[in-house]
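Number of protein chains: 2
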Amino acid sequence: MMARFERFLSAGLILGTIASAPIAIAGAAGEPALLQEARQVLAPLPHDFGTPEFPVTAERADLGRKLFFDPRFSSDGTASCSRCHLPGLYGTDGLAKPHGNHDKLNPRNAPTILNAALQFKAHWRGDRENVEDQAKQSLLGAASFGNPDFATAMARIKAVPGYLPLFQKAFPGEADPVTPENWGKAIGAYERTLATPSRFDDFLNDKTGNGKAGALTAAEERGLRKFIDTGCATCHSGPGIGGGSFQKFGITADYWTETGSDAHDQGRADITHDPKDAYIFKVPSLRNVAMTAPYFHDGSVRTLPEAVRIMAKLELGATLSDEDAGDIAAFLGCLTGSVPANFAEAPILPPGAFTQDAPNTVEPSKR
Amino acid sequence: MMARFERFLSAGLILGTIASAPIAIAGAAGEPALLQEARQVLAPLPHDFGTPEFPVTAERADLGRKLFFDPRFSSDGTASCSRCHLPGLYGTDGLAKPHGNHDKLNPRNAPTILNAALQFKAHWRGDRENVEDQAKQSLLGAASFGNPDFATAMARIKAVPGYLPLFQKAFPGEADPVTPENWGKAIGAYERTLATPSRFDDFLNDKTGNGKAGALTAAEERGLRKFIDTGCATCHSGPGIGGGSFQKFGITADYWTETGSDAHDQGRADITHDPKDAYIFKVPSLRNVAMTAPYFHDGSVRTLPEAVRIMAKLELGATLSDEDAGDIAAFLGCLTGSVPANFAEAPILPPGAFTQDAPNTVEPSKR
Numbered sequence: 001m002m003a004r005f006e007r008f009l010s011a012g013l014i015l016g017t018i019a020s021a022p023i024a025i026a027g028a029a030g031e032p033a034l035l036q037e038a039r040q041v042l043a044p045l046p047h048d049f050g051t052p053e054f055p056v057t058a059e060r061a062d063l064g065r066k067l068f069f070d071p072r073f074s075s076d077g078t079a080s081c082s083r084c085h086l087p088g089l090y091g092t093d094g095l096a097k098p099h100g101n102h103d104k105l106n107p108r109n110a111p112t113i114l115n116a117a118l119q120f121k122a123h124w125r126g127d128r129e130n131v132e133d134q135a136k137q138s139l140l141g142a143a144s145f146g147n148p149d150f151a152t153a154m155a156r157i158k159a160v161p162g163y164l165p166l167f168q169k170a171f172p173g174e175a176d177p178v179t180p181e182n183w184g185k186a187i188g189a190y191e192r193t194l195a196t197p198s199r200f201d202d203f204l205n206d207k208t209g210n211g212k213a214g215a216l217t218a219a220e221e222r223g224l225r226k227f228i229d230t231g232c233a234t235c236h237s238g239p240g241i242g243g244g245s246f247q248k249f250g251i252t253a254d255y256w257t258e259t260g261s262d263a264h265d266q267g268r269a270d271i272t273h274d275p276k277d278a279y280i281f282k283v284p285s286l287r288n289v290a291m292t293a294p295y296f297h298d299g300s301v302r303t304l305p306e307a308v309r310i311m312a313k314l315e316l317g318a319t320l321s322d323e324d325a326g327d328i329a330a331f332l333g334c335l336t337g338s339v340p341a342n343f344a345e346a347p348i349l350p351p352g353a354f355t356q357d358a359p360n361t362v363e364p365s366k367r
Numbered sequence: 001m002m003a004r005f006e007r008f009l010s011a012g013l014i015l016g017t018i019a020s021a022p023i024a025i026a027g028a029a030g031e032p033a034l035l036q037e038a039r040q041v042l043a044p045l046p047h048d049f050g051t052p053e054f055p056v057t058a059e060r061a062d063l064g065r066k067l068f069f070d071p072r073f074s075s076d077g078t079a080s081c082s083r084c085h086l087p088g089l090y091g092t093d094g095l096a097k098p099h100g101n102h103d104k105l106n107p108r109n110a111p112t113i114l115n116a117a118l119q120f121k122a123h124w125r126g127d128r129e130n131v132e133d134q135a136k137q138s139l140l141g142a143a144s145f146g147n148p149d150f151a152t153a154m155a156r157i158k159a160v161p162g163y164l165p166l167f168q169k170a171f172p173g174e175a176d177p178v179t180p181e182n183w184g185k186a187i188g189a190y191e192r193t194l195a196t197p198s199r200f201d202d203f204l205n206d207k208t209g210n211g212k213a214g215a216l217t218a219a220e221e222r223g224l225r226k227f228i229d230t231g232c233a234t235c236h237s238g239p240g241i242g243g244g245s246f247q248k249f250g251i252t253a254d255y256w257t258e259t260g261s262d263a264h265d266q267g268r269a270d271i272t273h274d275p276k277d278a279y280i281f282k283v284p285s286l287r288n289v290a291m292t293a294p295y296f297h298d299g300s301v302r303t304l305p306e307a308v309r310i311m312a313k314l315e316l317g318a319t320l321s322d323e324d325a326g327d328i329a330a331f332l333g334c335l336t337g338s339v340p341a342n343f344a345e346a347p348i349l350p351p352g353a354f355t356q357d358a359p360n361t362v363e364p365s366k367r
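So the sequences go chain by chain: A and B. Take the first sequence: its position 168, counting from 1, is numbered 168 in the working numbering, and each next residue is one higher. Take the second sequence: its position 301, counting from 1, is numbered 301 in the working numbering, and each next residue is one higher.
Be a bit skeptical, because a hint or two may be false.
As the list claims (entries may be wrong) - Listed next, the in silico DSS-like pairs over lysine-lysine satisfying Cα-Cα at most 25 Å (straight line): (1) A:K313 <-> A:K276; (2) B:K97 <-> A:K158; (3) A:K104 <-> B:K97.
Hints listed in this document are in silico derivations from the structure and should not be mistaken for laboratory results. In this text, all values refer to a predicted model and were calculated from it rather than measured experimentally.
So that you can see chain A by itself, here it is in the shape it has in the complex:
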């Protein structure tokens, strides 16, 4: 236990707060059972990710679900949230970097939307405060929705008549509820429902204190032990198994050398303009990671054991055997939950044609 914690300290550079589950070593007497040790750094998922500021209401989540899947509010009518966050690929798109409106390439890999609302910031560089902020700003993102301004985006929504009543229900009492803020709140409320508990939560939640029998396979238990002892859990901690802090990618060696990546992404330094933030990224959640290849902010690595091996080397200075990397990858497989039904099933959208150019809310004159 101490060995792991020292490694945590020497890894240094923990810039954010480790989410939810502070590391408590005081109570550990001797070598604790795997479950007890896991509970010190890892935590089960909550039922949803609503907060007092951003509550999950049925009306908001239902509206947000429709907006999430609707491509008609982008500059070319093809970019929806679901374009890069596909249900069938566990909320990712299988690409190294996603293509947004008009085939514009996004600079970084599309992370899964599942459990995304759990994270302490959104986007790889943490330049979005939460899922609401992320959804709102994506309306104008040059490589995402590409609207020239919020007014154009809202006019596109208003041009589909079925949406106004849904905004009115979700945001009662507001004179003009079709706003960029409410777009963000509705999609955020929907995303705050997308929790994917897995067999690992069964293991953590076990009442016997020994882990639910059969919840994990022997290889997964071996992998969990190695995940903790290698030091992975120092950053990939809490209910998200990550998503709670920033960290430098490449503490003990350069990531672009190791991954063959052809770009040196400055990461958070581009946001803060502080050279000390070079190569700093948000630590991603590892929930469902077995289903979300390719890996890393640049999507440069195709397989999970390879990603595990590289992370151990670059972040912890550890050289994993193929067996160790395989066991840890096996453990990560038990973080795969079920795709929520309200994500797998596409909502039926209010009908209406995409508004190609200027807002068109008026019936064309008889031509």
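Knowing the structure of chain A, use the given hints to seat chain B on it.
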């Protein structure tokens, strides 16, 4: 009845076969009831669209459903069948013309995939024989999937390890089942399950002989009467309410003048190189038409009453009042069925990263 049939004859130019429900006037004695008259030209949907040549097996349809939703087999990893045939928009994309791989613009509007297998040909110009042929050829379509050749497309499939067992199950006994033909057969089998019976089928299937009470509203019954009497049902006939013949768009006037369309699409003449086929297109099915704006092969019209008015004028020389166009549009609304559950719900896809360039089935060497 005779007035309608004369109009059918004078409209002329029926080049294909009217699907399934031949017009029988011999048995009509006096003014028939609306149901009886409707049954002479329109027909209920079958349960599925399997044939002895193209059977629907569970294994093929399940595989085809996955392939339909998977974007990783296109040149840029973004184009799947579902990119332009979204469940939430009833198997269309809301666009005048769809954008395929690398934002390439397709020349014609994306028709719904629902009930598409019922049609006598595929594509607006009928240059695809059936849904199997359409799916196969889309792999190479410059503006759809954009693969340089079938070998590249098949290599992309084989690079996702989870697919081979599914092809083996769907096409047992074949040494190398991952072929373009089987891609087409699997997606075709899936599409042959996508039937959307509606309240209109309840009306047609009624055993009492008077139409199921309450199946249609008064406005819908008025619209059906006008749909038949105006002559719409001469081409929009059979179980698809269309989809069974070719017809000229613009018999009594030029479509591009009436619709404001900026291109003169030569239609089927580009396929046959016969000037007599100029402006000839497949008559589309009107199933679910209320949910699939915008309209026509060029997506030039945004609303259904406007589309009805234009069709009556250009095809039948009839000038409809707003009330008549509204009633016929109301009738068309009763052709809206439920989106099938196996289309609304996205299948979970075998995991794996998109193969960006050359086929990559080999684990990258330790880097």
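A quick look at each hint next to the structure:
1. A:K313 <-> A:K276: 21 Å, holds
2. B:K97 <-> A:K158: Measuring from Cα to Cα gives roughly 21 Å; hence the hint holds.
3. A:K104 <-> B:K97: Given pair K104 of chain A, K97 of chain B holds - Cα atoms ~19 Å apart, limit 25 Å.
In terms of the numbered hints stated before, the structure departs from none.
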